[in-house]
Amino acid sequence: MQNRVKKNGSRVGIIDLNSGNLLSIKTAVEKVDCDLKVIQKPDPELLKTIDVLVMPGQGRFAYVMNQIDALGWREFLLEWCRNGKRLVGICVGMQVLFEGSEEDPEAVGLGLFEGRCQKLPHPKTPMVGWAKLNSYKLTLKDGFAYFVNSYAVYDSPFCTAKVTYGHEFCAAVQRGNLYGFQFHPEKSGNFGKELIKYVCQ
Amino acid sequence: MYVNSPDSTSDLTARVIPCLDVAYGRVVKGTNFKQLLDMGDPVELAQMYEQQGADELIFLDIKASVDKQQSALDMVYQVATHLSIPFAVGGGIKTLDDVHLFFHAGADKVTLNTMAVEKPELIDQISSQYGSQSIVVAIDVNHEADGELAIYTHGGSKRVDVDYQQWVNEVVDRGAGEILLTAMHKDGTGSGFDTDLLAQFGADFPVQVIASGGAKGPQDFLDAIKAGADAVLAAGLFHRGEYTVGQIKEFLIENNIKIRK
Chain A
5 MQNRVKKNGS RVGIIDLNSG NLLSIKTAVE KVDCDLKVIQ KPDPELLKTI
55 DVLVMPGQGR FAYVMNQIDA LGWREFLLEW CRNGKRLVGI CVGMQVLFEG
105 SEEDPEAVGL GLFEGRCQKL PHPKTPMVGW AKLNSYKLTL KDGFAYFVNS
155 YAVYDSPFCT AKVTYGHEFC AAVQRGNLYG FQFHPEKSGN FGKELIKYVC
205 Q
Chain B
10 MYVNSPDSTS DLTARVIPCL DVAYGRVVKG TNFKQLLDMG DPVELAQMYE
60 QQGADELIFL DIKASVDKQQ SALDMVYQVA THLSIPFAVG GGIKTLDDVH
110 LFFHAGADKV TLNTMAVEKP ELIDQISSQY GSQSIVVAID VNHEADGELA
160 IYTHGGSKRV DVDYQQWVNE VVDRGAGEIL LTAMHKDGTG SGFDTDLLAQ
210 FGADFPVQVI ASGGAKGPQD FLDAIKAGAD AVLAAGLFHR GEYTVGQIKE
260 FLIENNIKIR K
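Listed in order, the protein sequences are those of chains A and B. Under our numbering, residue 205 is the last one in the first sequence; the count climbs by one each step, no gaps. Under our numbering, residue 270 is the last one in the second sequence; the count climbs by one each step, no gaps.
Misleading hints may appear alongside valid ones.
Stated by the list, open to error - What follows is a list of derived Cβ distance ranges for each label pair:
| # | chain 1 | residue 1 | chain 2 | residue 2 | range |
| --- | --- | --- | --- | --- | --- |
| 1 | B | Q138 | A | E79 | 28 to 38 Å |
| 2 | B | S137 | A | R179 | 33 to 43 Å |
| 3 | A | E79 | B | Q228 | 33 to 43 Å |
| 4 | A | K123 | B | R168 | 53 to 63 Å |
| 5 | B | Q256 | A | E83 | 32 to 42 Å |
| 6 | B | E53 | A | Q122 | 54 to 64 Å |
| 7 | A | D47 | B | L158 | 38 to 48 Å |
| 8 | B | E53 | A | E172 | 33 to 43 Å |
| 9 | A | Q122 | B | D182 | 23 to 33 Å |
| 10 | B | Q175 | A | T53 | 53 to 63 Å |
Stated by the list, open to error - If you want the footprint, here are the derived chain A segments under chain B, 3+ residues with CB under 8 Å:
| # | stretch |
| --- | --- |
| 11 | 109-123 |
| 12 | 193-205 |
Everything labelled a hint here was simulated from the structure, so no lab data went into it. Please read all numbers here as calculations on a predicted model, not as lab measurements. Every residue, glycine too, gets a C-beta built ideally from N, C-alpha and C.
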C-alpha cells in the first residue's frame, strides 16, 4: 500500500468559475494544512471525496451566475447543501447564494438565502479597503477584513457580521454549514487566515 | 470620512501603504540614476511590513523591466504566495498583455503612470476587463516656479503638456479606481504631504486618493488624511527605519482616525 501524505485538515475543493485569480485563495487554504483540489466541473463523487467547497467569485453577478449554470454547478450545489455539506461563498461567490442582485436583475441566484443584493449608496464605489466587522455571533471573531465590492445584501436573518459603507450590509452570513463572506479572507491578513482555518478544518 | 464619529456612514479605514522600489527582482534604493543600492529581498521586506500592520503594499519596478525580464513577474508571484494583504505593481506596463501577466502572477492592482498619459485608452481597457478596483493611476504633479501645476511622466523626468485638473477628471472618467497623487515638489523634502492639493478632492470625489511625497513623521499622515486623502504612502521613512508602520498607525488611532489595528 502506498503511503499518502496525510494532512491534518479536511479535503477542500475550490470551485473554478473562471472568475478571477485563484492563487491567493489556493495559497491561503494550503497554509492551513488542508488537502486542496481545484474543481472545474461538478461530479457526484465530490460528495464523498471533498469535505468543504469554497466558491470565490469576481466580476459581475450575471457573469458568475452564467458560469455556475454553464458548468452545471447549480443543481449540484443545491444537492450539496441538502446533504448538509459545507459551502463557503466569497465576495460575488457569497452574493450568488442569495436570490438575485440589483446589478443584473434578470440573473437568478442560487436562492440558498432569501434576499437580494443592492448597490452601496456611497460616492466612492467600489468599496475598496479595510473595515472592522461588527460581529454579534460568537462564531466570527471581531476583526478587520478587506473588502472590494459595489453591491451587498443589506440585511438577512442569517447575518453574522455587519459593516457600514453608505448603508449597513451583511459582511458575513451563516446558516448551518453554509457560509458567505462579502470580504476577501484570503487578503485579510492574520484575521483572514484564522477565518479560513476555521471554515476549512 | 475617516474621523471617528457617531453619525459616520462608513466603516472604511484610512490605509497606510509602504512603497517599495524594485529592480531585477530586488528591492533597491536609487542613489543616482546609475547606482542602485540593494536593500533586500522583496518577499522578506513585504512580510516585515505586513507584520508591522501595512494595509497594502505598492511595488514600483523602477527599471521598468517587465517586457524583457521574467524577474518582475517571478517577484510578483513570490510576493503573492507569501503575503496575505493586497498589493499593487507598477513600472514597465505597456500593453493589456503586460497587465494580464501581472494579474496572472498574483497582483491585486496595477499602477500606470507614463502609459496612462501616452495611451490613456489602456485605463479604459483595464477597467472594463478587470474592474476599476484593479487600476491605480499614478499622477506625478509638480508645482512649477510660475505657480502652475505640471504633469510629469517617465519617473518624474519628463514634463508633458497635460492640464492637471483635466487629467484628474479624465482618469476618473476612463475608469481608474484610485489616484496615486505624488507631489513632486514635496518628494524628499520632509515638509509633509501637499494638503492644499489633497483638499481639492472633496468627500464626493468618486475615487480614492493616495497621498504621496513629503512625509517626515506621523503628523504628516494625520494632516493628509484630515485634508482628504483616503490612503497615505511613504517609502524612505519606513525603509530607513525612522518609523514603523505600527508607530504611524498608533499615532493616527490616538488622533481618532479610523485605522486597522
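Inset, instruction - Could you check the structure against the hints above and give me the numbers of any it violates, in ascending order? - result: 3, 4, 5, 6, 7, 11
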